[in-house]
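Order-wise, the sequence lines are chains S and F. Here the first sequence is numbered in our numbering, starting from 1 and rising by one per residue. Here the second sequence is numbered in our numbering, starting from 195 and rising by one per residue.
One should not assume that every hint holds.
[Claimed, not checked] Below are the SDA-like pairs computed for lysine to any residue, each with C-alpha atoms no more than 20 angstroms apart in a straight line:
1) F/Lys556 to S/Arg12
2) F/Lys556 to S/Ala151
3) F/Lys556 to S/Leu125
[Claimed, not checked] Here are a few chain F residues that sit away from chain S, every Cβ distance over 10 angstroms (derived from the structure):
4) Leu196
5) Glu200
6) Arg291
7) Arg416
8) Glu423
9) Val446
10) Gly448
11) Val462
12) Pro555
[Stated by the list, open to error] Taking CB as the label site, the calculated pair distances span:
13) S/Asp58 to F/Asp431: 29 to 35 angstroms
14) S/Asp165 to F/Leu396: 45 to 51 angstroms
15) F/Gln472 to S/Ser178: 49 to 55 angstroms
16) S/Ala151 to F/Ile435: 22 to 28 angstroms
17) S/Asp165 to F/Thr281: 53 to 59 angstroms
18) S/Pro110 to F/Gln472: 36 to 42 angstroms
19) F/His385 to S/Arg46: 33 to 39 angstroms
20) F/Val566 to S/Asp69: 46 to 52 angstroms
21) S/Ser178 to F/Leu196: 48 to 54 angstroms
22) F/Val318 to S/Ser79: 50 to 56 angstroms
23) S/Asp58 to F/Lys578: 50 to 56 angstroms
24) S/Arg126 to F/Glu471: 45 to 51 angstroms
25) S/Ala32 to F/Glu433: 36 to 42 angstroms
26) F/Lys578 to S/Lys167: 31 to 37 angstroms
Quick caveat, the hints were computed from the structure, so don't treat them as lab data. Every residue, glycine too, gets a C-beta built ideally from N, C-alpha and C.
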Amino acid sequence: MGDLTEIRIEGRGGQGNVVAAYMLARAAFEDARFAQAYPSFGPERRGAPVSAFVRISDEPIKQRCQISDPLYVIIQDPSLLHVPNICAGIRADGGILINASTEVAPARFPGIAHVTSIPATAMALRVLSEPIPNVALLAAFLTLTELIPLAAYERVLAHRFHGQDLKSNLQLVREASSYVARSSWKEASHAAAN
Amino acid sequence: MLQPIEGSAAVAKAVALCRPQVVAAYPITPQTHIVEGIARLIADDDLRCELISVESEFSAISAILGAAAAGSRAYTASSAQGILLMTEVLHNVAGLRIPLVMTCANRAIGAPVSAWNDQQDSMVMRDTGWIQLYCADNQEAVDTTIHAFRIAERTELPVMVCMDGYILTHTLEVIDLPTQEQADAFLPPYHFARTLDPRKPLTIGTLVTPDFYTEARYANHRALIRAQEEILAADRDWEKISGRSCGRLLSVNGPYDADVAVLSIGSVMGTLSDAREQHPELGPVKLIKLRSMRPFPIDELKRACERVSELIVLERALSPGGGGIIGPEVRAVLSELHSPPRIHNFAAGLGGRDIPLEIYPKLIEAARAHEVTRFAIIDVDIDKLAVEDR
Chain S
1 MGDLTEIRIE GRGGQGNVVA AYMLARAAFE DARFAQAYPS FGPERRGAPV SAFVRISDEP
61 IKQRCQISDP LYVIIQDPSL LHVPNICAGI RADGGILINA STEVAPARFP GIAHVTSIPA
121 TAMALRVLSE PIPNVALLAA FLTLTELIPL AAYERVLAHR FHGQDLKSNL QLVREASSYV
181 ARSSWKEASH AAAN
Chain F
195 MLQPIEGSAA VAKAVALCRP QVVAAYPITP QTHIVEGIAR LIADDDLRCE LISVESEFSA
255 ISAILGAAAA GSRAYTASSA QGILLMTEVL HNVAGLRIPL VMTCANRAIG APVSAWNDQQ
315 DSMVMRDTGW IQLYCADNQE AVDTTIHAFR IAERTELPVM VCMDGYILTH TLEVIDLPTQ
375 EQADAFLPPY HFARTLDPRK PLTIGTLVTP DFYTEARYAN HRALIRAQEE ILAADRDWEK
435 ISGRSCGRLL SVNGPYDADV AVLSIGSVMG TLSDAREQHP ELGPVKLIKL RSMRPFPIDE
495 LKRACERVSE LIVLERALSP GGGGIIGPEV RAVLSELHSP PRIHNFAAGL GGRDIPLEIY
555 PKLIEAARAH EVTRFAIIDV DIDKLAVEDR
């Protein structure tokens, strides 16, 4: 349990929030680690705020309680920044990754070690012609944290997509990955390990 | 093969490995993904099976009762109000000794309406005469599903496989999904000795006068008790094939001589296990996982509690006006011990309320208190209630 990393993904119903959580857990599996991913429980409505959660560990994960104090929060929809306490419970040594067309001032989240923005929807529109931000966001997240090698994530995408779709998604991964500073959140990952 | 997969999708695949011939179901959250998964396997030609879309859960269970009686391996899944609508037929399935398997994706029942998890739905069906097996994780849900068909068919009793809704059904985790060869080696083709056949007419479900009703009930009760042997044999035999046990009827984890124990059921076991690891300062504690609620494992429970002085029973349902449901049964059985433990009975996690790691120190503290807690809902927030409701 010592190395347990907990992540919350905030988005809106229909944006691929649960898919993102499942993809992250699958990437952990590809990296020979243990993972658990689940959506916020209850009725689902398109467009309504929804959360999804991921636990990643080197050991089997037994606990099934809700994640209340994640190390990382990924925000898929910039309009959610207006929701009070969207980053509730986040650990001070953690990081917030925001999908936003313009840089969100880290000062909006005082006391949080890392706040990074990336225009993931715009990138996805350009590369995939679809406004689906999750592939780019996860690529950026894994580049910032180096929690799981990007190669493991790319293998997950290769299970999910084929042909031109796969090519485009892998290009999106490369673009999103080079947009952020590699391993610049790693401090937080180390803190999690201790 | 090890793979990351959602609980419901894994159960759908486990059902398919058992080669059901008829599946009937009516959608209700959180069960829906299971039957959707089976429907997809049928549509993709990965499973040859008759899928019956019915207009209610009453029809779903009735349809598979008929299918099993007519010689087909049959399955359904439901939750909450859906299970309640089946009530009359659930009793009939058990009384008629029809081998069926149903997954209960556990969900709270209304009113007030709740779409979230607890185990009230299956617990109110405790006395229907179904075998009830509870799963602590999705691997157990997969393996118990496969056990269930063999247990049902060997005992001619229906089996309800209970898995916590959302907490298990909607969670993706790494599961070892058995192969078709493994499943086939374990589960022979369906054969029902009393199959309805116009060439050899017989009646199923006749009127029984007072001359025989008592004997029929006695036989049913005895059949449930004898089913313990088949539940154990299924777990043992599947362990030989898969390398995994689901924990027999009841299993104990922790130091043999611990004098404090927590008994619970379902997916909260993992949380309790991690919490115990985080709190070594609270001393040695045994965790007792109850898997078979019916038949109730009387001898195993007594053995597990022989050296225990403080036993906490934690459950996700209650009997309003009485207290717990599992707690009183445990208390009754353990009263037969030479020196029974003090038994503290708590409910928690009703209608989707999270059971956090922090419940563990609270439970252990309660066990050390001077007073025994006969029954309490440990996570109730009294301040939310009007004064007259407190």
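We went through each hint and held it up to the structure:
no.	hint	result
1	F/Lys556 to S/Arg12	36 angstroms, violated
2	F/Lys556 to S/Ala151	44 angstroms, violated
3	F/Lys556 to S/Leu125	51 angstroms, violated
4	Leu196	8 angstroms, violated
5	Glu200	7 angstroms, violated
6	Arg291	36 angstroms, holds
7	Arg416	37 angstroms, holds
8	Glu423	30 angstroms, holds
9	Val446	16 angstroms, holds
10	Gly448	14 angstroms, holds
11	Val462	7 angstroms, violated
12	Pro555	14 angstroms, holds
13	S/Asp58 to F/Asp431: 29 to 35 angstroms	33 angstroms, holds
14	S/Asp165 to F/Leu396: 45 to 51 angstroms	58 angstroms, violated
15	F/Gln472 to S/Ser178: 49 to 55 angstroms	40 angstroms, violated
16	S/Ala151 to F/Ile435: 22 to 28 angstroms	35 angstroms, violated
17	S/Asp165 to F/Thr281: 53 to 59 angstroms	48 angstroms, violated
18	S/Pro110 to F/Gln472: 36 to 42 angstroms	30 angstroms, violated
19	F/His385 to S/Arg46: 33 to 39 angstroms	47 angstroms, violated
20	F/Val566 to S/Asp69: 46 to 52 angstroms	34 angstroms, violated
21	S/Ser178 to F/Leu196: 48 to 54 angstroms	33 angstroms, violated
22	F/Val318 to S/Ser79: 50 to 56 angstroms	43 angstroms, violated
23	S/Asp58 to F/Lys578: 50 to 56 angstroms	40 angstroms, violated
24	S/Arg126 to F/Glu471: 45 to 51 angstroms	47 angstroms, holds
25	S/Ala32 to F/Glu433: 36 to 42 angstroms	25 angstroms, violated
26	F/Lys578 to S/Lys167: 31 to 37 angstroms	54 angstroms, violated
The structure fails to meet hints 1, 2, 3, 4, 5, 11, 14, 15, 16, 17, 18, 19, 20, 21, 22, 23, 25 and 26 from the earlier list, while all remaining hints are met.
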